[in-house]
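S.K.: Here's the letter readout for the chains.
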Amino acid sequence: MRVTVIDYKAGNLTSVLKALRHLGAEAEVTDSDLALVENAERIVLPGVGHFQATERLDATGLTVAIRAAIGRGVPFLGICVGMQWLYAGSSEAPNQAGLAHFADGCTRFPQSGEKVPHVGWNSLEVRPGSRLLAGVEPGEFVYFTHSYKAPVTADTAAVADYIEPFAAAVERANVMGVQFHPEKSGETGLKILGNFLAWEGQGPA
Amino acid sequence: MITKRIIACLDVHAGRVVKGVQFVDIVDAGDPAALAARHAREGADEIVLLDITATHEGRATLLDTVRRTARELFVPFCVGGGIRSADDAAQVFEAGADKVSVNSAALADPALIDAIGRSFGAQAVVVAIDARRDPHTADPVRDAQVFVQGGRKPAGRRVVEWAREAEARGAGEILLTSMDSDGMRTGFDYELTAAVSEAVSIPVIASGGAGTVDHFVDVFGRGKADAALAASIFHFGVSSARSLKEELERAGVSVRLPC
Chain A
1 MRVTVIDYKA GNLTSVLKAL RHLGAEAEVT DSDLALVENA ERIVLPGVGH FQATERLDAT
61 GLTVAIRAAI GRGVPFLGIC VGMQWLYAGS SEAPNQAGLA HFADGCTRFP QSGEKVPHVG
121 WNSLEVRPGS RLLAGVEPGE FVYFTHSYKA PVTADTAAVA DYIEPFAAAV ERANVMGVQF
181 HPEKSGETGL KILGNFLAWE GQGPA
Chain B
1 MITKRIIACL DVHAGRVVKG VQFVDIVDAG DPAALAARHA REGADEIVLL DITATHEGRA
61 TLLDTVRRTA RELFVPFCVG GGIRSADDAA QVFEAGADKV SVNSAALADP ALIDAIGRSF
121 GAQAVVVAID ARRDPHTADP VRDAQVFVQG GRKPAGRRVV EWAREAEARG AGEILLTSMD
181 SDGMRTGFDY ELTAAVSEAV SIPVIASGGA GTVDHFVDVF GRGKADAALA ASIFHFGVSS
241 ARSLKEELER AGVSVRLPC
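Protein chains in written order, with my numbering: chain A, 1 to 205; chain B, 1 to 259.
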């Protein structure tokens with residue numbers, strides 16, 4: 001299986017590529033080649049750091065190409081900031097629009113006395129019917145590192161709790177996102193990436 | 001619920017794990033890739049590899065070691081030792097590290113923290129601080145001093161202030177080693193760890209002094225640490241992260257189990 005990994009110069013792709021290849025995927029990377037996105041079988045958008053970095057997706061034309069691919073039903077997985085980009089935007093960079101595939105915006109964890117960023121292994125409450133998280137048992141842990149998060153809505157596939165409940169994963173038809181890092185989440189993470197790679201698709205959202 | 005992390009530390013010299021052993025006649029503790037994989041399998045939440053060679057000639061060996069270690073490792077992987085520039089960091093990331101830890105180079109040029117954070121994100125920058133209490137002042141914890149060169153030379157900075165500056169510059173975590181406790185197996189420096197943890201909003205990893213399970217319970221409790229580093233207790237099967245975490249869970253500490 002072939003996976004197109006989008007590079008928008010937000011951090012290091014080595015771990016994501018390594019995990020995908022470990023699972024038998026043929027992973028190719030592009031930072032601007034729109035033809036690769038147009039012919040993609042599956043797309044992964046990783047990303048760490050600041051939401052502002054996603055402006056590069058707009059500047060390179062990748063936003064338009066990815067939107068079209070999603071419209072054709074190509075399975076898409078956003079990781080961390082890559083998941084946040086699926087929403088309308090983030091208060092981290094209020095002038096930078098996201099894809100708005102999901103309507104809500106991402107916000108910073110509220111002041112609470114707890115530390116922000118949320119760093120470490122946290123458990124997931126998987127909602128019934130998630131294909132991305134199929135086989136993930138209650139109480140399995142995944143690795144998070146982030147200060148901004150998406151709200152819990154009808155499209156939320158898994159909820160995690162830190163200061164308040166937030167969307168650890170989102171899923172609607174062929175479009176999926178995870179706030180945590182499956183490539184760094186041991187066997188649980190590999191299972192989730194494997195689910196994404198194995199998913200046969202069921203047409204556009 | 002967020003869990004407290006147990007981080008396995010491998011000290012590496014010339015491509016081999018060398019320290020963290022109490023048995024003096026067994027200096028070579030094994031292959032870093034094999035040991036990292038074993039720690040991850042046995043429940044370590046994260047792996048830190050510290051290059052204690054840290055010479056210019058040793059860089060190629062280190063990068064090869066990082067590459068081999070990262071290959072089959074699917075938990076967070078931090079590499080430190082000898083990272084003096086954003087370019088050094090980039091090479092280590094390219095080889096498969098998720099985070100780098102910087103210490104003396106960041107003290108010499110604090111802008112290094114900003115530079116690595118800008119390119120790779122704050123989550124990728126761990127600032128390691130070697131700390132010693134200052135016994136000559138009224139408040140040895142508040143006035144604890146940062147040391148460089150393996151704890152031999154004072155850096156002229158207070159620990160708590162340097163931790164705050166590191167956070168302001170974009171560090172993602174602080175790795176705090178108490179030189180007073182290191183290697184003693186008599187427990188972490190709980191007061192100093194708590195003072196740093198309360199001074200910053202980023203996670204603090206406590207290091208130095210672990211000898212018993214109770215030491216870990218205390219560093220997560222009154223030490224207010226978010227994670228704890230352990231080297232020697234993991235080698236040669238003395239204890240595994242899993243058995244440590246099972247005991248921590250019994251003591252009421254939230255940990256990743258089963259793992």
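If you're looking for bench data, these hints aren't it; they were derived computationally from the structure.
Take these hints with a grain of salt, some might be off.
What the hints assert, rightly or not - Short, incomplete list of chain B residues facing chain A, as computed with Cβ under 8 Å:
| # | residue |
| --- | --- |
| 1 | LEU63 |
| 2 | ASP64 |
| 3 | ALA70 |
| 4 | PHE74 |
| 5 | SER85 |
| 6 | GLN91 |
| 7 | PHE93 |
| 8 | GLY96 |
| 9 | PHE120 |
| 10 | ALA124 |
| 11 | GLU198 |
| 12 | ASP226 |
C-beta atoms are modelled at their ideal positions from N, C-alpha and C, and glycine is treated no differently.
S.K.: Now, for every hint given, state plainly whether the structure supports it.
M.R.: These are the hints, each one checked on the structure:
Evaluation of the LEU63 of chain B hint against chain A yields a violated restraint, the C-beta minimum of about 12 Å exceeding 8 Å. A cut of 8 Å between beta carbons decides the hint on ASP64 of chain B: the least distance to chain A is about 15 Å, and the hint is violated. Hint status for ALA70 of chain B: holds, given a least beta-carbon distance of 7 Å to chain A, under 8 Å. Checking PHE74 of chain B against chain A by beta carbon gives a least distance of about 5 Å; that is within 8 Å, so the hint holds.
Interface hint at SER85 of chain B: violated, since its Cβ lies 16 Å from the closest Cβ of chain A, which is beyond the 8 Å cut-off. Interface restraint check: GLN91 of chain B against chain A, minimum CB-CB distance 11 Å, threshold 8 Å, status violated. This hint holds: PHE93 of chain B has a C-beta 4 Å from the nearest C-beta of chain A, less than the 8 Å allowed. The criterion of a C-beta within 8 Å of any C-beta in chain A is met by GLY96 of chain B, whose closest approach is roughly 5 Å, and the hint holds.
With its C-beta approaching chain A no nearer than about 5 Å, PHE120 of chain B sits inside the 8 Å limit, and its interface hint holds. Hint on ALA124 of chain B holds. Least Cβ distance to chain A is approximately 7 Å, under the 8 Å limit. Annotation: GLU198 of chain B was flagged as interfacial toward chain A, and the flag is violated, the nearest CB pair being 10 Å apart, outside 8 Å. Annotation: interface hint on ASP226 of chain B holds; nearest CB of chain A at approximately 7 Å, less than 8 Å.
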